[in-house]
Amino acid sequence: MSTTVSSSKPGKPQPGGKGPDTRAAAVSAKPVTWKTPVLLTAFGLVALVFFGLLAPTQTASFGISTGSDFFQLPAVEVNAFAGGLVLSILLLGLSGYAVYLKTKDRHVPGWLTVAFIVLFTAAFLIWVVGGARTPSISLAGLIAGSVTLAVPLVFGSLSGVLCERVGVVNIAIEGQLLGGAFTAAIVASVTQNPLIGLLAAAVAGAVVSMVLALFSIKYLVNQIIVGVVLNVLVSGVTGFLFSTVMQEDSDRFNSPPGLDAIEIPVLSGIPIIGPILFRQSLVGYLMYIAVLVVWVGLFKTRWGLRVRAVGEHPQAADTLGINVNATRFWNVTLGGAVAGIGGSFFTLVAIDSFTKEISGGRGFIALAALIFGRWNPIGAFFAALLFGFADNLQSIVTIIGTPVPSQFMAMLPYLVTVLAVAGLVGKSRGPAASGIPYVKG
Amino acid sequence: MVRVLKLELRGITKRFGSLLANDHINLVVEPGQIHCLLGENGAGKSTLMNVLYGLYEPSEGEILIDDKPVSFRGPGDAMAAGIGMVHQHFMLVPVFTVAENVALGAEPTKAARFLDLDATRSRIKEISDQYGFDVDPDALVEDLPVGVQQRVEIIKALVRNANVLILDEPTAVLTPQETDELLDIMRQLKASGTSIVFISHKLREVKEVSDTITVIRRGKVVGTADPAASTTDLASMMVGRAVSLVLDKAPARPQEKTFEVRDLTVIAPNGQHVVDGLSLDISRGEILAVAGVQGNGQTELTEAILGLQERVSGSVRLDGKELVGRSVKEVLDAGVGFVPEDRKVDGLVGTFSVAENLVLDLYDKPPFAKGISMSPAKIMENAKARIGEFDVRTPSAAAAAGTLSGGNQQKLVMARELSRPLRLFIASQPTRGVDVGSIEFLHRRIVAERDQGTPVMIVSTELDEVMELADRIAVLYKGKLVGVVPAGTSRDVLGLMMAGIPPEEHSHSPQAGQAAGRTTINTSDAEGGDHA
Amino acid sequence: MPEKHPPKHAANEPAGNAQEATSADESTAAVVSVDTAGGAMEPSAVPATAQSGQLPGGPDTLLRRIFTGSGMVSVLAVLLALIIGGLLIASTDERVATAAGYFLARPTDFLTAVWDAATRSYLALFQGSVFNPRGNSVAAQFAPFMETLTIATPLITAGLGVALAFRAGLFNIGAQGQIIVAGILAAWVGFALHLPLGLHLLLVLVAGIIGGAFWGGLVGLLKARTGAHEVILTIMFNYIALYFLRYLLNTPAFQRPGEANPISPILDPTAVYPQIFGTQYRLHLGFLLAIAATVVVWWLLNRSTVGFEFRAVGANPKAAQTAGINVSRSTILVMALAGGLAGMSGVAQVAGTEKVLTDGVAATYGFDAITVALLGRSTPWGTFAAGLLFGAFRAGAVQMQIQTGTPIDIVLVVQSLIVLFIAAPPLVRAIFGLNPRRRKPARAARSREAATTGGAA
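Protein sequence lines correspond, in order, to chains X, H and U.
The first sequence runs 0 to 440 under numbering that gives the first Met the number 0.
The second sequence runs 0 to 531 under numbering that gives the first Met the number 0.
The third sequence runs 0 to 456 under numbering that gives the first Met the number 0.
Hints are computed from structural coordinates only; laboratory data are not their basis.
One or more of the hints may lead you astray.
[Unchecked claim] The calculated label-pair distances, taken between Cβ atoms and stated as ranges, are: (1) T120(X) to P251(U): 42 to 52 Å; (2) T102(X) to K383(H): 58 to 68 Å; (3) L122(U) to K355(X): 24 to 34 Å; (4) F113(H) to Y99(X): 33 to 43 Å; (5) T120(X) to T363(U): 25 to 35 Å.
[Stated by the list, open to error] Chain X is nowhere near these chain H residues, computed Cβ spacing over 10 Å in every case: (6) A111; (7) R261; (8) E439.
[What the hints assert, rightly or not] From the structure, some residues in chain X lie toward chain H, with a derived Cβ separation under 8 Å: (9) L304; (10) Q314; (11) T318.
Ideal Cβ placement from N, Cα and C applies to all residues, glycine included.
Construct the entire structure; sequences and hints are all you get.
Here is the structure:
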């Protein structure tokens with residue numbers, strides 16, 4: 000090390016200009032950096048100081064069971080000080096291991112990061128609840144609520160996965176969600192059938208996506224521009240029709256019948272996981288199926304292999320007879336349909352009518368989840384859960400009265416994403432050809 | 000490998016806008032032959048093969064297989080017809096495994112279109128065993144050395160039962176040893192009935208392996224040749240005139256050493272030592288050519304000198320000043336002129352005007368700027384002067400540099416770098432992709448710079464260019480200096496050195512070589528100043 | 000002459016190269032400026048604007064560009080967007096619906112109704128944004144135009160910020176957040192400090208610009224140091240800024256005493272922009288500053304070494320770096336400048352039109368700024384003109400809603416359609432039947448043609 004003179008120059012611009020070979024080299028060359036160990040240690044210390052040493056001495060109580068469970072478990076009680084201290088020491092243990100790995104020039108494994116996030120979240124939760132006026136929350140409710148709030152995020156980020164894996168950046172998730180929400184509301188109202196509404200939402204999302212695909216693939220317009228503009232367009236069209244059509248006759252056009260939760264007998268009574276897995280609306284069940292299907296599809300099937308090839312190295316795919324732009328077009332369309340279903344969640348499950356901007360920026364959180372989940376359906380799913388959790392916690396902390404302003408809870412997904420793209424996820428990139436139109440000679 | 004087919008191209012013409020890349024090309028590839036397409040860089044060989052492979056549609060002409068016209072709407076059709084291609088830039092997905100890359104596009108599947116990679120794995124094993132490839136189906140392609148990646152490409156074609164295999168400049172990235180192995184593989188393929196179209200501009204390989212040679216120049220077939228033809232004949236056919244292998248240049252008159260590299264090591268992001276403990280020096284008024292197979296540290300060496308590399312140790316001194324650890328700007332300001340190997344990527348901004356590109360690294364210096372205020376008039380004035388001086392063919396000084404031909408772009412970069420007093424001039428691949436007329440011009444300018452007393456470093460993978468320009472030749476292999484030998488060193492010795500074998504068995508040790516070079520140079524100094 | 004032409008695949012070639020093949024195509028000029036932002040995704044693949052040079056291009060190129068190129072397409076794009084917007088308005092109009100009921104009987108009724116519905120709204124839009132003949136004084140007649148200029152002010156400065164970043168190959172979606180942070184600082188200086196006239200306003204302005212520059216520069220810093228993508232960063236920073244503002248507005252330092260709503264105290268009279276034409280119009284000094292900012296950005300981009308660096312980095316960062324330009328420094332600097340410009344919009348809001356700080360301080364100006372910059376092709380004066388146009392839409396939409404009941408949202412529709420169409424000139428030309436003579440034959444046709452001619456040869 001001592002012989003290495005590191006100049007203070009800026010990093011080189013991203014590779015990508017010199018052809019596949021150089022880029023391949025750059026991708027494979029993931030240097031083991033200090034970034035992750037340092038970041039983990041910093042967070043570990045924050046946990047130690049705030050959640051441990053400066054923790055309130057109240058006992059935080061976490062309810063496990065709800066009244067409808069078929070057997071009841073007692074609430075878990077944790078002394079905030081002791082709990083915080085133990086967890087923060089564990090966190091520092093993990094970060095210490097990360098430092099050790101770095102000194103051995105090895106990468107920090109994914110499980111470590113995940114474990115760190117889980118423990119940190121737990122420590123944070125104990126601290127928040129322990130410091131509240133009413134230091135008691137229902138963990139079961141918190142988690143179930145998080146899953147519910149995560150549903151549109153999961154669909155949105157799956158749309159992102161489908162688009163980016165094939166090489167098209169999808170900034171229009173917000174528009175797809177909003178379009179889906181609007182269409183679901185109006186169609187379900189008119190037909191008085193939520194299933195048709197759900198289907199119509201998928202179509203609406205797909206239509207938004209087709210515009211994205213058309214402009215970015217056929218007319219080679221920058222994908223980010225199309226995405227940004229589409230969000231505005233969908234917001235404008237839905238807002239316009241909301242004011243002119245829906246508000247004129249909301250009984251007819253804006254009172255969709257909802258999709259109620261379907262309980263699976265017995266299983267839904269299991270504490271904590273029962274409500275999450277077995278007491279969901281149709282959209283909720285579809286979410287689990289979609290995550291699995293997309294994951295299996297991408298990594299185990301012929302379709303997935305081709306999709307990923309097109310997103311990584313379209314030229315190679317082309318030389319093997321794969322129609323790059325058609326693959327892109329249909330995948331982006333499929334992504335839009337998935338996001339559209341997610342949008343129907345707002346008007347068919349969460350609230351029973353459409354309002355302007357009902358998606359409220361969740362498309363961007365979905366985008367964040369996609370990146371935080373490293374372009375992997377399962378990763379995106381858990382990232383979306385984490386963000387749903389933050390969203391849910393935000394409303395809960397307002398109720399139980401903690402010293403943490405709710406605005407900071409709301410800020411959390413965005414802060415986490417900034418840290419992810421700048422630190423934890425670092426330069427590990429998405430599909431190599433994402434964002435680059437494919438032009439044949 | 001049962002079906003043997005005859006391939007014919009008739010009157011193939013391909014235009015890109017006003018550019019005629021292929022002009023009525025006729026070509027017949029007989030079954031079971033190695034047919035070489037010989038031509039300079041830019042002669043239109045790759046374009047022709049992309050037409051044959053269905054990637055481009057010909058503007059005119061037709062392709063016949065076994066005398067029946069076929070029309071390829073895409074590579075899929077070409078593959079179905081039994082044509083496989085290994086592209087110059089490999090078409091492999093870096094983050095996929097070998098098996099995934101081989102399977103892609105023709106995936107064996109189980110029920111419900113689930114991938115059956117086991118089937119692919121066993122096919123890879125089969126082919127590997129047959130041809131003695133050592134390829135692990137589960138390795139990630141990005142982790143494989145270039146030579147192995149090339150084999151993966153060949154496997155890809157064989158898995159699809161290619162009867163005709165197109166190899167586009169396959170040896171450009173290989174060491175001489177790897178090249179020999181590849182030639183063996185080609186012979187084996189031929190023996191098993193596969194025809195091969197071998198695209199190259201390297202005469203030795205072509206002569207060694209071909210059954211038929213078709214020479215292409217400026218998009219036209221200029222004739223066919225027998226592999227037994229002499230190298231000089233082939234070369235003159237390829238270049239279109241009698242090739243004078245020696246540039247008309249005066250012997251160097253080296254003065255004091257002003258540029259010294261000591262123990263330079265460059266570490267790539269993946270931890271590899273891409274330049275490894277390298278030391279060399281250049282005197283004023285001499286050209287040191289750095290030779291080697293592409294990818295042996297030449298790029299990193301020049302980038303390290305310029306300050307573009309991040310992890311650099313050792314010392315680079317110019318006029319006694321240390322350059323390591325300085326910013327690019329400081330290095331340029333120290334009087335280093337730099338022509339990067341890939342001018343389009345590193346040398347110019349395609350959408351900027353010619354005039355702007357001519358001040359790309361001088362824009363903030365007088366007379367082009369006062370403070371942060373630039374002077375368009377001065378920039379224009381400068382452009383007119385440089386365009387005239389270097390004979391840059393451009394519609395106007397305001398034309399976008401990207402619209403110029405490769406040769407003119409290179410002249411532009413060269414004009415910019417030589418337009419200020421230099422203490423060191425580095426040019427990487429100074430004539431890559433440049434037409435013959437411009438090559439000569441550029442070479443003369445480089446020699447002229449030398450004769451003004453500037454130390455010059457040329458990096459080239461073209462041995463001809465190295466031998467033509469160099470006063471001394473340094474050969475790199477895997478980031479290490481194999482040796483420094485004088486200008487007249489034979490091609491064979493240089494070839495061995497490029498494979499990493501030091502010239503020990505020959506009478507010149509590197510030191511002796513330098514001394515010898517000096518002596519000859521010092522004795523004849525008659526017309527040194529002529530080019531200045 | 001026969002240069003080697005490798006297959007043009009965007010994946011591994013600088014986009015400038017792909018442009019080369021089609022450089023003769025008149026669509027280039029139009030596509031290019033929009034593509035500048037494409038650099039955001041992959042800096043090495045950024046084509047800069049064709050106009051980047053600003054060195055005299057000769058009168059004939061200029062003329063050609065106006066008639067066949069981007070100028071015409073821009074006008075047609077606006078027209079097309081207005082037509083589609085009009086159809087949308089008509090589609091929800093009651094009389095149109097009634098007429099549609101007997102369409103087969105009397106189709107002209109239907110068409111008249113459509114025409115009426117659309118023109119009525121657009122006329123109201125015009126009267127609300129440019130000239131209102133029913134005003135009872137000349138001053139009142141021109142009031143709509145003054146309102147347009149007022150609303151255009153923050154659009155122009157924020158648009159300049161987005162455009163400047165575009166030119167350096169950066170996609171700045173963060174004007175929204177930059178306006179908010181600027182608004183926070185400017186407002187605080189405006190209501191918490193009590194300083195003499197002149198100095199106070201100057202400090203408000205400086206605080207706002209610094210706030211925006213800090214928020215933008217932070218993104219530049221993170222991008223330069225960690226390689227994080229600025230699109231993601233700026234989106235996230237928008238939300239962080241918004242929630243931070245909401246938090247502040249609930250703290251004693253920012254919340255107006257005795258007020259339950261999240262709203263700040265009113266800025267001191269010494270801290271607000273003077274109104275240019277007196278109190279009858281809202282138009283304030285900020286508009287003159289926006290003009291000044293346009294001039295400065297023009298000079299910066301086209302006549303300064305800093306702008307040269309920005310443009311070089313935006314068009315080809317690798318070449319810029321090889322030429323000794325510090326890419327990281329340029330990235331940070333341009334984002335800070337972009338943020339500072341957006342910051343001027345924040346100041347225009349709190350010190351010009353609103354005079355208080357609420358969580359709606361940025362309205363949607365930050366997002367509109369993106370469309371403004373795109374419509375203006377990332378050139379300073381283009382952005383200025385686009386800012387005026389969208390300012391007129393915004394101002395007129397209010398009148399339109401009052402007079403005809405057409406919701407303001409129609410402006411969003413028209414605005415986004417304009418940008419989409421402008422970004423895709425071939426589409427616009429196809430719709431208006433203006434496709435150039437040397438059309439590229441369809442793929443299938445081409446191969447057939449090749450086969451037949453080949454057979455003949």
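Any hints this thing doesn't respect? Which numbers, in order? 1 and 6
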